[in-house]
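Residue numbers (the numbering used here), protein chains in the order written: chain A, 739 to 971; chain B, 1379 to 1599.
Please keep in mind that the hints were generated in silico from the structure rather than gathered at the bench. All C-beta atoms in this analysis are idealised placements derived from N, C-alpha and C, irrespective of residue type, glycine included. It cannot be assumed that every hint is accurate.
[Unchecked claim] With beta-carbon atoms standing in for the labels, derived distance ranges:
no., chain 1, residue 1, chain 2, residue 2, range
1, A, ASP868, B, GLY1585, 31 to 37 Å
2, A, PRO809, B, LEU1451, 49 to 55 Å
3, B, LEU1398, A, ARG909, 49 to 55 Å
4, B, LEU1428, A, ASP797, 26 to 32 Å
5, B, PHE1403, A, SER754, 53 to 59 Å
6, A, LEU750, B, ARG1456, 54 to 60 Å
7, A, GLN851, B, LEU1430, 54 to 60 Å
8, B, VAL1422, A, THR839, 48 to 54 Å
9, A, HIS929, B, ILE1587, 53 to 59 Å
10, A, ASN829, B, THR1415, 30 to 36 Å
11, B, ILE1587, A, SER754, 47 to 53 Å
12, B, VAL1422, A, PRO809, 50 to 56 Å
13, B, ASP1462, A, THR839, 46 to 52 Å
[Said to hold, decoys possible] Which stretches of chain B does chain A cover? Using the computed rule of at least three CB atoms under 8 Å from a CB of chain A, they are:
no., stretch
14, 1422-1434
15, 1451-1461
16, 1554-1568
Chain by chain, the residues run as shown.
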Amino acid sequence: MRIRFENVQLPLAHFSLKIDFDIEAHSIGVHGKSGAGKTSFLELIAGVRRAATGTIQLDDRLLQNNGDFLPPRHRAIGYVPQDLAIFPHLNVRRNISYGNTRPEKKSSVSRHQVIETLDLGKLLDRRVHDLSGGEKQRVALARAILSGPALILLDEPFAALDPQMRETGLRLVGTLRTQFAIPFVCVSHAHQDLTSSCEVLIEFSQGQVVGVHRNADSADIADSANNAGNAGN
Amino acid sequence: MFDQWQVIRFTLLVCLGSSLVILPFGMALAWWLAKTTVRWKSIVETIVTLPLVLPPVATGLILLNLFGRRGPLGAAFRAVFGADVVFTWRAVLLATAVMSFPLLVRTARLGFEAVNPRLEQIAETLGASFWRVMFTVTIPLAARGILAGFLLSFARAIGEFGATILVAGNIPGKTTTLSLAIYSLVQLGKDQDAYMLVLIAALLAFGAIFLSEALVQKKAP
């Protein structure tokens, strides 16, 4: 996966996002203090927000080129926001199937495999309001995976009051790489949570990228990603 | 002089009809008011709310002039459908629709405002079109507010008097509604019969408002 930001600007309340980079990696970790613009960065990729100016490119597709804006429904980018945004009026089964009807899928993972791997079999007919935080996280991730995305965006999957959620978050991000071979961008305020799973680490401060590092263990990570990718095909 | 059951049947039918006719327009406007950020939004809001505070007779007079045989809209209606509006059941429907529209819009709007926009955004990232998001996320989550607005508009329609009597008259068997019948009966000194209709009107109104309150207050989990 290659992501390119060129002269991308987005005015926020206290500062402006100004992003410029070109990275090729299977997994990207984004860290920085809270309020550094990490979530806005994900929202620009998802298309939930529109940059004021600049070019955003994913592989060979232009997501935004100044005024030209590819709407989120055509991006095939799965977004798992921090609040998870599970549909409260649908049960687990209908939540995870919501994006399944997308015509232009960029990845395909069998429904069965997702339900097995994320251990959702027993939850399918449950209403969502009595799910635990960790269960909700699995539902949100399954929903994103089953929409056939080219890329999945994860916002603070490890940050939660519920310690169980940090555990599942770490495990799920690992799963994404090893089992499903779907590229991802993961945001966390805690640097150490990203080193085990991301090839490239980006540091944000005041809306700007202040550092890009290839992870020291990145060779292993890239290998396992490629292996999973081959196994999947 | 009145067939009371005819009056009740007619009133229920026309009021249900008017609430159903305004429902799609009211929902669209309520949704727009809940989402838009344009500056002239408050002007639209004011116009929509006007029938709620204007004397109903004044609204009736305006409608009479617009939809009368020589009124611009009345003439247009006649040209298209070959029928008159004023002093027919259509006028009753028109008057109740206009008078109850603000209640539908204001209540449904609260329903739409309560929908977390994040859920709509996520639905879009999952590939859903505007209309799919509308029918599978927005409307289901706003349903309580919409239904409450529908019931309130229905209750308001049953109570409509001032605008109706101007545009539809009070023609027994043709345009006489529950409210108009009560007025006629009292004028004729038939208080006993009037009270029977008052009781029915009160029961209908109570039922509709009770249900709509229950819908609004019992928040979805």
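The hints, checked one at a time:
no. : hint                               : in the structure
1   : ASP868(A) - GLY1585(B): 31 to 37 Å : holds (33 Å)
2   : PRO809(A) - LEU1451(B): 49 to 55 Å : violated (39 Å)
3   : LEU1398(B) - ARG909(A): 49 to 55 Å : holds (52 Å)
4   : LEU1428(B) - ASP797(A): 26 to 32 Å : violated (54 Å)
5   : PHE1403(B) - SER754(A): 53 to 59 Å : violated (41 Å)
6   : LEU750(A) - ARG1456(B): 54 to 60 Å : holds (58 Å)
7   : GLN851(A) - LEU1430(B): 54 to 60 Å : holds (57 Å)
8   : VAL1422(B) - THR839(A): 48 to 54 Å : violated (35 Å)
9   : HIS929(A) - ILE1587(B): 53 to 59 Å : holds (57 Å)
10  : ASN829(A) - THR1415(B): 30 to 36 Å : holds (34 Å)
11  : ILE1587(B) - SER754(A): 47 to 53 Å : holds (51 Å)
12  : VAL1422(B) - PRO809(A): 50 to 56 Å : violated (27 Å)
13  : ASP1462(B) - THR839(A): 46 to 52 Å : holds (49 Å)
14  : 1422-1434                          : violated (count 0)
15  : 1451-1461                          : violated (count 0)
16  : 1554-1568                          : violated (count 0)
Violated hints, listed in ascending order, are 2, 4, 5, 8, 12, 14, 15 and 16; each of the other numbered hints is respected by the structure.
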